[in-house]
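Number of protein chains: 2
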Amino acid sequence: MGLLLAGIFGVLSLIFAVALSISILKRDQGTERMKKIAKAIQDGALAFLLEEYRTMYLWVIIFAILIGIVISPYVAVFFALGTIFSTLSGFFGMYIATRASVRTTNAATKSTGEALFVAFSGGSVMGLTVTGLGVVGSLLTYFISVKFLPQVSPLVAVTGYSIGASFVALFARVGGGIYTKAADVGADLVGKVEAGIPEDDPRNPAVIADNVGDNVGDIAGMGADLYESYVGSITAAIILGTLTLGNNASTYIYLITGYGILSSIVGVISSLVASKINIAPQKALNIGSVIANIFAIIVFFIISKGIPNGTNYFVAIITGLLIGLAIGFITQYFTSANPIVEIAKSSSEGGAATTILSGMAVGMESTFIPLLLIAIGIIISYRFSGLFGIALAGLGMLSTLGISLSVDAYGPIADNAGGIAEMSHLSHEVRERTDTLDALGNTTAAMGKGFAIGSAALTALALFSSYIQSMQMDTLNVMSPYTISGMFVGTSLPFLFSALAIMAVSRSAGYMVEEVRRQFREIPGLMSGKADPDYKKCISISTKGALKSMILPSLIAVVSPFAGLIIFMSYGKEFTGGLLAGALLSGVILAIYMANAGAAWDNAKKFIEQGNFGGKGSEAHRASVVGDTVGDPLKDTAGPSINILIKLMTTISLLFGPHIVKFLVK
Amino acid sequence: MGLLLAGIFGVLSLIFAVALSISILKRDQGTERMKKIAKAIQDGALAFLLEEYRTMYLWVIIFAILIGIVISPYVAVFFALGTIFSTLSGFFGMYIATRASVRTTNAATKSTGEALFVAFSGGSVMGLTVTGLGVVGSLLTYFISVKFLPQVSPLVAVTGYSIGASFVALFARVGGGIYTKAADVGADLVGKVEAGIPEDDPRNPAVIADNVGDNVGDIAGMGADLYESYVGSITAAIILGTLTLGNNASTYIYLITGYGILSSIVGVISSLVASKINIAPQKALNIGSVIANIFAIIVFFIISKGIPNGTNYFVAIITGLLIGLAIGFITQYFTSANPIVEIAKSSSEGGAATTILSGMAVGMESTFIPLLLIAIGIIISYRFSGLFGIALAGLGMLSTLGISLSVDAYGPIADNAGGIAEMSHLSHEVRERTDTLDALGNTTAAMGKGFAIGSAALTALALFSSYIQSMQMDTLNVMSPYTISGMFVGTSLPFLFSALAIMAVSRSAGYMVEEVRRQFREIPGLMSGKADPDYKKCISISTKGALKSMILPSLIAVVSPFAGLIIFMSYGKEFTGGLLAGALLSGVILAIYMANAGAAWDNAKKFIEQGNFGGKGSEAHRASVVGDTVGDPLKDTAGPSINILIKLMTTISLLFGPHIVKFLVK
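These protein sequences, in sequence, are chains A and B. At position 641 of the first sequence the residue is numbered 641 (the UniProt record's numbering), and the sequence of numbers has no breaks. At position 557 of the second sequence the residue is numbered 557 (the UniProt record's numbering), and the sequence of numbers has no breaks.
Here chain A stands alone, though its shape is the one from the complex (with noise of 0.2 Å):
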């Protein structure tokens, strides 16, 4: 039944996904200018999603190879729809997306509320397909397995289908990152710093490959993310579940996540029908949120009474979703409000080195409150039910993600909308409607960060308790030598895998600065309008920096805990132990940390441009123009694929780690 259920709720969530699909794409484009400009980027985000997928598809064989030959084929086959239902999320949203932001430039002609309309419809589709697909790929795989593959765990095959999630996602986050970050720095510093001109203007050659470069990073790099986000969450909670109440579990985790699926759908409808009203962006976001919220909790509540210990579970997933919505509130106080005057303050005063001091003080300063956040939920969700329920404080964390993606995925949409509208010479009421939308997906995007930084490291530490328990460890000792060795090695991958990403993006900014400024030397009359600039130039170097780049860095995923375990052989299970806590532990917090040192960055430069400090042009802008642009790497190439390479780590280890151990030490 509850298996039924969800099945039909996250059916119910892609049909609605396409039914608003087609109603965006029957609106109207705009002029002719507009039409080709969205074509451009149209056309280069899917030549690099291809390319990438090429790229990493070649991995994704081999991996499923690996799978096949060490667990079973069917396990590798549940892998295989992992990663492509996974690379579905993100493509899908995305191509929605690129469509959705010329024609929500083309709404912010008439108003801000029809623009909010068609942004927000556009996000939906993103929100409703991850969430849609994740829980219709995770019931396909443990239905099929239980079903019909009497020889294969169905704790097995989520396992082996939450891989291929994450797997996908890790790619299509470091790719797109580095992609978008490259393009983004590169087309700042010559731009914005150099050549004096606004953001988006169509004469920088890099503007293209950063607007592209938003739509792969941003959005199809998100949309994978957060599928992988909720499937983790999900497989979590089932494969404790099971440990603990045996079968039954599923059904009650299936029917938790359907609901909140519907939940979502209601708020969605909610948010679209206040825009359409008229209500102000704000509060018709929030209003989607909230009733989505109120309605899961009711839901949930009424749920859980009806079987044992309910209420207890009620409790662990009720402490998730307020811990979340706390990390968030936490989040939205240091990139906003005080800490961003004194990071402008000190850009007015010190000028760049004294920006990027406080900016990092301020990320630092962020990461307490919400680590004390996430060990006061642990502690309560475990006293209410055990290790189940720090699963189940991640999955209620995420219940209601369809809303809260939809919100997240509107901003860069708008964020869009504002390119298209600057390169097309609309008018400059149209951009101050789009800016508006923008600034408003700024701080909703502070939230959801919260919300997947939270729930990452309680899936994280769910899919952890789940590796020792397979490993049949009774405990896991920090007195053990192996064990705090690797605690001390796995501390620092998470280091090791940002120093790669933002290296890479270090490096290719570096050349996409050097074919802006010989763009701008040697293409005559470029800088008087006269002449087009080589966007294509830019979306190759871009394109070549993220492909080559992204490789490394996922590789330490998978590569790691193979490493572990057969080189300490006996020792290997308590090793890698301690490297998955190593690497949790530091993982979460770097993601806290560069995610709400970027924002703060961003925002205090935000905040300058407002006319604080000097305003836009003044020394202080200058410097937290620098800030701003150490910060986008953090916040959007490093920070938010720590979350993935942590959990993948641990599935990796939780598939295979039984395995080696039969093998190496018999």
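Treat the hints as calculated values from the structure; they're not laboratory data. Keep in mind the model is a prediction, meaning the values are calculated, not measured. Do not take every clue at face value.
[Stated by the list, open to error] If you anchor each label on the Cβ, the simulated ranges turn out as follows:
id : chain 1 : residue 1 : chain 2 : residue 2 : range
1  : A       : Gly617    : B       : Lys530    : 29 to 37 Å
2  : A       : Ala337    : B       : Leu58     : 51 to 59 Å
3  : B       : Lys530    : A       : Ser540    : 54 to 62 Å
[As the list claims (entries may be wrong)] Derived, one-sided and incomplete: chain B residues facing chain A with beta-carbon distance under 8 Å:
id : residue
4  : Thr354
5  : Met364
6  : Val478
7  : Thr491
8  : Ser506
Each residue gets a CB set at the ideal place from its N, CA and C atoms; glycine is no exception.
Knowing the structure of chain A, use the given hints to seat chain B on it.
Frame of chain A, contents of chain B only:
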């Protein structure tokens, strides 16, 4: 016997330090102007230290009373002894250093070799004082408690003594670090970047504060810091040794420590002779280190041969020594060679933003191998000698601290000598000689930091093991929700601590910048050199900033262990265990990251100043100065303090934990 010998070598080391001091003080200070400037620096440094001590000792007294009430008045006395010896190490070292630097400048008017001799003599005073006082204090504590205080366990006594050392070190590092970097950043930002005057130009109003800062931060701060590390490593070895071997362990440990000091004395003499006979500076310093280490290894082998299982202990010690060296070499690689060329290149290509990004990436990347080495060190030393082996490895790393600190401390003296040469308008040749010595100091400092971090990791781990044992836990299980929650919170403490330290520097530097700008604007004839700036005003800004901001971060170390133990009652020991482990893991990696990123930015700037990528005054140079400025508080304020933070948290938990638990959980 072992104790007696160690005492003799310790006292010998102190006598030698005094003799060297006298020979330094007898030397000529040069021109009147040199004397005047040196006096200003000496007075400024003295004035700040006295203020700092006044603030600090208030907290020392409060904490001593707390120890006296909760633990025992005798332990409070040992704690006080630790604080006093630590203060003396920093104070005496700095007293001589400020006097050695002006004499080094004067010696540099004759020859580089002569200048090296004086500067290295000054450094040796520090090296010999720190190790001499360290071993004498530890011996006194141990001996008195064993012989005269049957009611006080010698292990508790040395823990109290060790907490005293760490307590003062933390304040000195944070306070001195904020002082020196506020002045340095302030002086650089306006002087170098805006006014375009060289470093140490007497027209810069912050120049005296900057030079005072070098002394109170880099010298007095470093002295207290390494005194703490040294005492910590001895303490950890004594505790774990006694728990494993009984009271015989202390004889062995003090023998190792004593002969380590003797080896250092031999090394110092070798280097002094080498510089006297005009061997090239790099070689002269290397000779001492090589001789000391070979001598130590041979003696350690002979000592170890004579006791049961001694060879196993010897392996652990040598593992520590070699791992320390290896970390030093890795540090050297990441802060010179290719990585800094890459950073310099990104300074020239993308400006300040890519400079910051590539430096961050280098810093993050540089953490992997050291942590891997530490992990290997843990496993090897554990396999040979159990937990005691880990403590021995830490002891081994620092056994020849006498010589390595002498080399380390010589750097800032040479740096100051250069400053005095500049301010005294001495010939270009003199400045070039001191610059040669200064550059050499940077390389050796990187090595020294590798040792400090490696030993901190091992010492903290050994102390952490003692904590677990003292709380009568056999294991610390990561799977316990209290442990893992503690780990999450603990992980965030070094970040929070660093945030506070960096913010303090950034804020004080902001005031400094304003003041320097004001003086340039308002004092007529300042730029043309006709009027003197108001140095005192800048000194007062640094002083106030340091004193105000050093309390809060230091309190984190003191309060957090109590909070965890008290809030979580019977689960408090697990939570605090997790807290310590989390802080250890994130503290070590953050310390390495900050030290290496900071040094890499510094050296990238120096590389450009040597004429690469456009040299001084180019855009690339301007960008590299931003990198250097960002790196300053990382490598000299927050980074080195974290080492102390994690050990202080651990020793406080170790001392108070059992009492709190006994009191609360009855």
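Do the hints match the structure? See the list:
1. Gly617(A) <-> Lys530(B): 29 to 37 Å: 36 Å, holds
2. Ala337(A) <-> Leu58(B): 51 to 59 Å: 34 Å, violated
3. Lys530(B) <-> Ser540(A): 54 to 62 Å: Given about 59 Å between the Cβ atoms, the range holds.
4. Thr354: Nearest chain A Cβ about 5 Å off; hint holds.
5. Met364: Cβ of Met364(B) sits 4 Å from chain A, so the hint holds.
6. Val478: It holds, given that the least Cβ distance between Val478(B) and chain A is near 4 Å, below 8 Å.
7. Thr491: Holds: closest Cβ of chain A sits about 5 Å from Thr491(B), inside 8 Å.
8. Ser506: Interface hint status for Ser506(B): holds (4 Å vs cutoff 8 Å).
Checked against the numbered hints given earlier, the structure breaks only hint 2 and satisfies all the rest.
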